[in-house]
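K.L.:
Listed here are the chains, written in short residue letters.
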Amino acid sequence: MNCELFKQNVILLVYEELADDMLFEMRQHAGRCAACHQELESAQQFRSDVSAIPMVEPAPNLLAASRLRLQEALETAEQHHGWRAWVFDPVDWLRQLRFSPALAAVILIVGFAGGVLTAFRVSHPATIDPGTIDSPAEASIAGIRGITQDPSTNTIQISYDKLQQASTRGSIDNPDIEKLLLYAAHAQQNPGVRVESVSILSRKCHDTQIRETMMRALLDDRNPGVRLQALDGLEEYVKEDIQVRNAVIQALLNDSNPGVRTEAIRLLQPVKADSMVRSAFERLARQDNNEYIRSESERTLNSLPPID
Amino acid sequence: MSVVQNVVGATGSTADTSPFRGNMVSQALRRVDDNVLIREAQRGNRAAFEELVRQYDHAVLRLALRLTASEQDAQDIYQEAFLKAYRNLVSFRFECSFYTWIYRIVTNLCLDHLRKKNVRKEDAPVTTMQDGTELSLLDQVADDRAHSNPERDLMRRELGHKIGIALNRLTARERMVFELKHYQGLKLRTIGEMLNTTEETAKNTLFRATQKLRGALAEMRE
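Sequence lines, in order, name chains A and B. Residues in the first sequence are numbered consecutively from 387, following my numbering. Residues in the second sequence are numbered consecutively from 10, following my numbering.
Chain A extracted, bound-state conformation:
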């Protein structure tokens, strides 16, 4: 530790932003060096001086008026849907470009490929039959841009890139729609797309392939929102399908997100007497790091009749 380094870090010391080892070194140095000791006192005095202006708390009337005004505005406000953010928000796109050279490179490549394709299409015109869909083989899908659903007509619209961006519509029972949704559920980088696809597929968990996709999403997906959606879909199969039950137990034991684990506890309540479930709760009640999970597990165990 030298005086220059001390001066650079003294404000972090005063605002309690230093790691323990650095803090120790700084204090040791201040004990030895009169000038740095004075610098520390001056920084502490500064913090105390600035605290002379207290925080202004908003008046209750102002808060109430603001809430009222917001409620009125929400009456007419509409939520943007996923695909609109991609298509109609170029400012946001540019902002992302600014901070992401990799994304810029990808867009450049896609743009170049699009140009080549357009030139090819112009020289080889093809007829397009609106309302139908080419069977979307996985290998030809470049990426899924967005999924939207219309609850009133029960139709789902998926925008995806093959050689060029395409859009398709159909019910969830359409095999092509289902194939795209399954692809989106596990192969997409965009967690928003995964959340949408898992959410839609969760309505068809009676199909074993879809149920497996849900279990894979629950156990492997990096995004807790996707994992929560998968849990939603699997809920009604916890009783009847032992694989689903095991997957939920795995999530309860190993998931990094407390929200997912709390939801898993709830899903397992109807089968808490099952020996696997019981032993999972016993393990959590005994040694889990999360106090809430520990106490909930203990509460669940206490609600069970004793084993004869």
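If you are wondering where the hints come from, they were derived from the structure by calculation, not from laboratory data. Computed from a prediction, not measured in an experiment: that's the story for all the values here. Among the hints, a few may not be true.
[As the list claims (entries may be wrong)] Listed below are the simulated BS3-like cross-link pairs for lysine-lysine, each with C-alpha atoms no more than 25 Å apart in a straight line:
id: 1; chain 1: A; residue 1: LYS625; chain 2: A; residue 2: LYS590
id: 2; chain 1: B; residue 1: LYS171; chain 2: A; residue 2: LYS393
id: 3; chain 1: B; residue 1: LYS221; chain 2: A; residue 2: LYS393
id: 4; chain 1: B; residue 1: LYS171; chain 2: B; residue 2: LYS221
id: 5; chain 1: B; residue 1: LYS93; chain 2: B; residue 2: LYS125
id: 6; chain 1: B; residue 1: LYS196; chain 2: A; residue 2: LYS393
id: 7; chain 1: B; residue 1: LYS171; chain 2: B; residue 2: LYS125
id: 8; chain 1: A; residue 1: LYS625; chain 2: A; residue 2: LYS658
[Claimed, not checked] Just so you have them, the derived chain A footprint on chain B, three or more residues with Cβ under 8 Å:
id: 9; segment: 54-67
id: 10; segment: 102-108
id: 11; segment: 165-175
Idealized CB from N, CA, C, for every residue including glycine.
Following the hints, complete the assembly by docking chain B onto the known chain A.
P.N.:
Using the frame of chain A, we list chain B on its own:
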């Protein structure tokens, strides 16, 4: 019972039965509650969104009031921030907490406000109340100790005046980082996340801001 009622009910019962649970657990629970509310709000449930608003709007309004020093401007920023959050909630991906997300929106709006506003740098910071009256920040630096003496009170007010002027001389970004650190007590890592930058950059900005403030206060003492 609605989802909102369920969530609120669950939170209430947990608080009743666990006086020994620490901050970490309550934060985790809040995050769980928020996630449930967000998912409901993403499906178009406005009651769930309004519940989210109620959890964070006091802090949002306080920050906006502090930075704009005007009740009208603070109310406008509050309104715009939550409307923006509502419209774009579908794009919320649970990669950060809702708290960080809404603060990011508010800080961006406040930064724009600070940059656009034609501040008279030498003026003391003044809060404009809704009825049009102006309340100087000096008036808020009252010494409420029973044995306070007028001379010391005057000095404290004078110091508050100087600090207000020094704060107004900072750049918008320096002011924002300093306010979030000093007055809101946030960690630099969180501030970095909110301002779409790194913890290191937030540290450097705080360093510059405090250097300027200390320099300005020293000048004024002379």
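K.L.:
Are the hints correct? Go through all of them and say.
P.N.:
Against the structure, the hints come out as follows:
| no. | hint | in the structure |
| --- | --- | --- |
| 1 | A/LYS625 to A/LYS590 | holds, 17 Å |
| 2 | B/LYS171 to A/LYS393 | holds, 24 Å |
| 3 | B/LYS221 to A/LYS393 | holds, 14 Å |
| 4 | B/LYS171 to B/LYS221 | holds, 13 Å |
| 5 | B/LYS93 to B/LYS125 | holds, 20 Å |
| 6 | B/LYS196 to A/LYS393 | holds, 20 Å |
| 7 | B/LYS171 to B/LYS125 | holds, 23 Å |
| 8 | A/LYS625 to A/LYS658 | holds, 10 Å |
| 9 | 54-67 | holds (count 7) |
| 10 | 102-108 | holds (count 3) |
| 11 | 165-175 | holds (count 5) |
Going down the numbered hints, you'll see the structure goes against none, and every one checks out.
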